[in-house]
Amino acid sequence: MYCLKEYPIECYPEEIDILKQQIWNDKVIQYGVERTKHLLTANCDPKELYFDIDCRRRQLLNLFSTHKRICNETHANETDVEIENMINQLSNIVLHLKSHASNSVELHKMLYRQAISLPDSDDIGSLYIRLCEQLSVDITNDEFSSIFPNSHKKMNDWMYEHAVGEDFQPKLFDVINAIEQDLISQWSNPSVTPSTTIGVIGYTNAGKSSLLNRLLGLESLNDDEAAPIGSMKTTYAALRFNRKEPLIYHSKNGNIQIPVTLVDIQGHDKNRISNNNMIEAGNYHNEIKKANCDIYILVTDDDLHDEQKDWMTFIRENLNRECILVRSKVDNLYLTKMRELSGNFYIKTTQEERFQYHTMIMDQIRSQNTIPSNKIYLISADYQPSSIDADLLLAEHSFDFDLLLNDLSSLAFKVRTSRIHQLAKQAVNRVINTCFRRGYVLNVMKYKIAAGFAAIIPFGDQLPRYLSRDKIREAFGINDDFSQYLIQFNLTIDDGSLQTSVFRTYVATQETKKKPKFDAKAIGTVAGHTTAVVGTFSDDIVRIAAPTATALSTAGRIVLTAATIGIGWPISASGNVQTNWAGTWHGTPEAYPGGELGHGWNMTMKIGPYSMTGNTCTMRQSFFTGSSALRDTKNYRFYRRTGADDLYIDEGNGVKIASQYINDVLVSPFKYNDVYAANAWRYP
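Residue numbering for the sequence shown follows this note's numbering, starting at -5 and increasing by one per position.
To be clear, the hints were calculated from the coordinates, so they are not data collected in a lab. Treat the hints with care, as some may be off.
Quick list of in silico lysine-lysine cross-link-like pairs, DSS-like style, CA-CA up to 30 Å [unchecked claim]:
(1) K103 to K41
(2) K408 to K283
(3) K103 to K92
(4) K369 to K238
Ranges of calculated distance between the beta carbons of each label pair, as one might list FRET restraints [unchecked claim]:
(5) N97 to E347: 48 to 54 Å
(6) I12 to S361: 50 to 56 Å
(7) E239 to S336: 16 to 22 Å
(8) D304 to R107: 35 to 41 Å
(9) L89 to N150: 14 to 20 Å
(10) R107 to Q378: 27 to 33 Å
(11) S380 to E347: 17 to 23 Å
(12) N171 to D116: 48 to 54 Å
(13) N150 to I242: 24 to 30 Å
(14) D401 to E76: 28 to 34 Å
(15) I23 to D114: 20 to 26 Å
(16) E390 to D116: 51 to 57 Å
(17) L89 to E347: 44 to 50 Å
Note that beta-carbon positions come from the ideal geometry of N, C-alpha and C, so glycine has one too.
Hey, can you work out the whole structure from these sequences and the hints?
Below, the structure written as structure tokens:
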């Protein structure tokens, strides 16, 4: 939102109007404002207007109820009063419109517009969007404070203590200690199971909300606790619903109750026209990631698209979460096949015919929707069957719904340990992002970011006081005492995740054979959108290979491991302290016009840690091999071009080997004179 430069006390940076407009345009799309604007400015069916108002009312009510359920505050603040007023206004409009629809549509339109818009604003829905966004941020903060009260208190203490002179308050050891206390106090009892979050994703109008309501056990859509359902977009932000009845996992030692929170994630509009499909895909990846669920359910009412398969891959490989596939609205397909096989509508078939064709129809439907090594659940969760045939069919068959519930119970139990680990990592990440990265810059630069807007502050680019890695480590409390403290935990982590050399003496590393994948769509998201909530709880910066032991007694080790790696990220985030190219890189030729390196050649680069001297990074060794013979071994230095997006190696004879470098991520160090390229990946 703001240009990055240092401002004197009481002076504030200017807002960037273009970026503000970009953010607003995105929110207009996300919250379906264009449809509301059309309803308010053109002739419309009163039922359509009623549905639009009721959807917004339910959305706001859900967010507000979730906030109140988690929040510890008992008194209402000014924002709470605004939200309650809007909910009451929308409820009154809905009630009045339902009984006087034909007589006063224009009056209801005027009242609706006034209720959801800021006074004296031409932007329809501006107040509604502001309140929903504020609630989303509040819910994130509420979750963090309720699960990690000690860490939350420590973070608040740091943020409200204005550092003076060279005294920077946050210290890494204090972060670890606070989070370890929270873990032990809340989860030292193995019978305690944290609530499992299950998110529902898919295309708009694919049956996501219907399935979610069935999983909630709701019998009627008139219940205010029901997720809104309709033929148009009805979910504008992730909505959270607590299932009243816990899932039951049947273990050898008895039944275990698992509390569940279901998350209705806004659907992806497959018909939306976009100028950049990569950015669109990256944006939905971001929605999935922000929901921060333990298990995801992909709901589809048609054959799977490549885009949907990509979502599943992203969830499983990038987020390391569970993802299951549900084929919805299966009753329509079932009835069509029954007519084809029997020659009759379902209501006219005999019980013998139904029994005869049932297995055949189910097998055909499964075969149409199966993808390799992936189980599919056939579901019909419609609350309003489209025909008498459908009504009769659903009375006789629940399809795979009971099986889905049973398997969700097993998955929810299995993710308990990983849930605790994940929450601990996110807590470390949140405190470091808020108090160390952004907090440090804000304290030094003496200005605050306006509430409700995001600020991207590249940590390494704005260090007006500490200009060396040693000084940064000293400020954060990364010293010999802290390093010695690590030894007692016998930590073992993925070598590729340890991005700073300061802990290599105290932390064991291990190699993994899996090649890390570079997500081009994530780059598309970064390039297309510069908005990010400051220190969101769903950030996933930390990359970790957990220790072999997973019992709660090792919670401290896990947190420490996360913090060790986490601090490697802010220290190496960008600018003068960049280290993310360090490591062992392997490559195979893709294109080489000179033909010197042909088929069978391999390249390896062992790149050392960053050195401040001359703005270079020593590359310890580079060699090319073919037919197992050593071709060449050289020692080079990496140079970072000021203001450019490439690194390059200067051999001293004018030949420069460049590396592809995107958004602070080294994609490949094998790019020769902007012509030669190689498939490359980094060893752990």
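Verification of the supplied hints:
no. : hint                     : verdict
1   : K103 to K41              : holds (12 Å)
2   : K408 to K283             : holds (20 Å)
3   : K103 to K92              : holds (13 Å)
4   : K369 to K238             : holds (27 Å)
5   : N97 to E347: 48 to 54 Å  : holds (52 Å)
6   : I12 to S361: 50 to 56 Å  : holds (51 Å)
7   : E239 to S336: 16 to 22 Å : violated (38 Å)
8   : D304 to R107: 35 to 41 Å : holds (39 Å)
9   : L89 to N150: 14 to 20 Å  : violated (42 Å)
10  : R107 to Q378: 27 to 33 Å : holds (30 Å)
11  : S380 to E347: 17 to 23 Å : holds (22 Å)
12  : N171 to D116: 48 to 54 Å : holds (52 Å)
13  : N150 to I242: 24 to 30 Å : violated (38 Å)
14  : D401 to E76: 28 to 34 Å  : violated (42 Å)
15  : I23 to D114: 20 to 26 Å  : holds (24 Å)
16  : E390 to D116: 51 to 57 Å : holds (54 Å)
17  : L89 to E347: 44 to 50 Å  : holds (48 Å)
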